[in-house]
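> Construct the entire structure; sequences and hints are all you get.
Chains as they are written, first to last, in numbering that gives the first Met the number 0: chain A, 0 to 618; chain B, 0 to 159.
A portion of the hints provided could be inaccurate.
[To be verified] Listed next, the in silico DSBU-like pairs over lysine-lysine satisfying Cα-Cα at most 35 Å (straight line):
1. B:K153 - A:K229
2. A:K150 - B:K108
3. A:K269 - A:K235
4. A:K305 - A:K494
5. A:K501 - B:K121
Simulated from the structure, these hints should not be mistaken for lab results.
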Amino acid sequence: MYAYTGKILHVNVSNGNVKTKTFDDEFAQTYIGGTGFGIKTLIDNQKPGIDAFDPENPLIYALGAVCGTMVPCAASKFGVFAKSPQSNMLGEAYSTGAWGAELRHAGYDIIVIKGKAKKPVYLWIDDESVQLMDASHIWGKSTLETEETIKKDLGDQYIRVSAIGQGGENLVRVACLINDYFRAAGRTGLGAVMGSKNLKAVAVRGSNDVKVASPSDLQELCRDLYERCKGPKTSKYRTLGTAANVLSMNSQACMPTRNFQSATFEGAEKVSGEYLNENYVVKIQGCTSCAMRCEHIATVPEGTFKGATARVEYEPTMAFGPYCGVDRLDAVIRAIELSNLYGVDAISTGIIIGFAMECFEKGIINEKDTGGLALNFGNAEAMTQMVEKIALRQDVGNIFAEGVKGASEKLGHGSEEFAMHIKGVEMTGYDVRGLKTAALGYAVSRRGADHQRHGAYGPDLGGQVDRFKAEKNRGPIVMANEDNYCIFDSMILCKFSRGIWKGYDEIAKLYTMVTGIPMKGKELQVAGERMSNLARLYNIREGLTRKGDTLPPRVMKLPIPEGVAKGSFVSQQDLDILLDGYYEARGWTNEGVPKPERLKALKLADYSNIIKKKRESKA
Amino acid sequence: MVRHSFVSVDPDKCVGCRICEYVCSLEKDKVFNPVKSRIRTVRIYPNINASLTCRLCEDPACVIACPRKALEKSLETGTILIDEDKCNGCGWCIEACDFGSITLDPENKIVKICDLCDGEPKCVEWCPEEALELTNRDILAQKARLDAVKKLLKASLEGA
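Dropping the structure here:
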């Protein structure tokens, strides 16, 4: 086996025990890497039903085959996995930058961290030397200060750090992990899992070679891939960046605005990618081995938020902009910066603040609760201050730190009716009321509200299907997209590069070139299906039923009030049609449970006790 | 006049992707390993990026520093030649280099310095941003001069 080191590092932060285990070719061939490794390791290492903050909840890092090589847009991607404190189901998030490559060079493919340290510690991996270091001096510090301090303390600027900020320490349920200053493993609250272990960071330095099976073939393929990276399939990311979506989503009436009270934002021009690039972007830079680069670094040149610096993407722009009724990019940049520094997911945090604003306008919370903030939609200053209050659990921030779902449960007074989350995870930047294929993708997404597990807005917006109509044929579309994205997340390839790849066959060829493990396109596709099913089994084990595959109340009850999608929403009947079509395509029961025959065919028979238990409990 | 060329970076174009590091280690050592690369990328928060390698100094501090006379500047190419039998990995040249362009091979403990890949540096060939260039001090001076004049005479150039 090439590329992979075959090593799994097990660390128990309670007692400092470190063990290295290994995996073989068959494991790699079956689970490919990244998300496959992550889900498999989680289901095998976590006691069923435990709380996400139980020390026994494993925090897992996993790499893909191409990590630490010159494969474009892929050298440094890594996945983080644990039981999510938001959904109490599968927690997974991906990041990039330079950290992943460093871990590969240090000699590990997977890290499994369990336990809870008595005092704050960080994990320091320097090739084969693995130790827990005192973190009391960085506890309470931002992610940026943490990264800088660790590099300084250890005297090595090439150390890469994946850290939590105050958000993770305070068990904010939307806390994330930040590495390489700007990159986040953002979704599903994994920073809080790290915080619950009294673990501040994982610092890595590696000096080992990464050897691939066929270096010259790989180089030839890369030559072609690099060319493709300069072509039309990636031009959006190289020029305006994902923020280009602001105007396109807005014109399609898919822009979540003021907590889904609307799907168009009158101030869209002022928070557009065009406006951003013209006035704020100072540099577009890249991750390790990126041949296209997309990282739009923006700095506020003047005014209240002068000097604020952040990497700006569409999703956080949507969340802190239209979602909060804010049309000021300087405030959006500041809010993203604060999210990064405190280590809270910028998407979820913006969605929570939009929710809080509606609570405020409806009188469910008042200025006494907010510590004097007039938390109306459009109040840019109040929005940025709320980020801090949530991360530090100050005032009403303590309630909103529980996420939209947790906060609405605490606040009551009908706030559940506009709590925009799925499975406890806040919505992302697509108003799925007028995107019925995407609505299905969101409803069944294994990590809660999410566009990144399926990209099912593609066929809706691309015109391949009638986006306003719920039909059973969306099931196979979402399934195919999910399985395909599983492969991207297992290799791990950057999804911004997805347009340059020529399907499963080419990716299989790449897998073999890199690892030396035989792989065919069809086998990869089956592996993707395997991962989707394994994730489903995990979620079922942790309590998911058909009822959980649903959409937020407003998506199902409140029609879009204006724009080209005016009048559309997803009725219960629509949702049922979509779910039936999806379960059927997957070969699951109409309760969304995989069947034993298919599990056997997918080499998942070992997990059939989960569906057996499910049947027994039903009977 | 002999004008020795070396690999120079344009920090405005460099995005910090480190492809040069990977390509260099693949070309020279058949592995991917930035630690073995003769060119190294620096990123300073938030957005300063540059890859540095040997600049073929006219009076190289590394050559002067080496207590074992293991380093020598090639008259033909201007690159620093390493006598691997003499080098004992003491690292005095690494400290002497103003650009941090010398590294120690973690395995054989002998220093590594850019040899320009026989005049066709792979890092230049692969850099996706065209941020690296094989050039010489004379050409760099010409460019700087042109830029300076353009800036100074911007008004009259635009008026013309």
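> Determine for every hint whether it applies to the structure shown.
How the hints compare with the structure:
Proximity of B:K153 to A:K229 is assessed by CA-CA distance (about 32 Å); at most 35 Å being required, the pair is judged to hold. With a C-alpha separation of about 24 Å, the suggested pair A:K150 and B:K108 falls inside the 35 Å cut-off, and the hint holds. Between A:K269 and A:K235, the direct Cα distance comes to roughly 19 Å. Compliance with the 35 Å bound is thereby established for this hinted pair. Restraint check: the Cα-Cα separation between A:K305 and A:K494 comes to about 32 Å, which is no more than 35 Å; the hinted pair holds.
The suggested pairing of A:K501 with B:K121 holds, with an alpha-carbon distance near 27 Å, which does not exceed 35 Å.
Hint compliance for this structure: no hint is broken.
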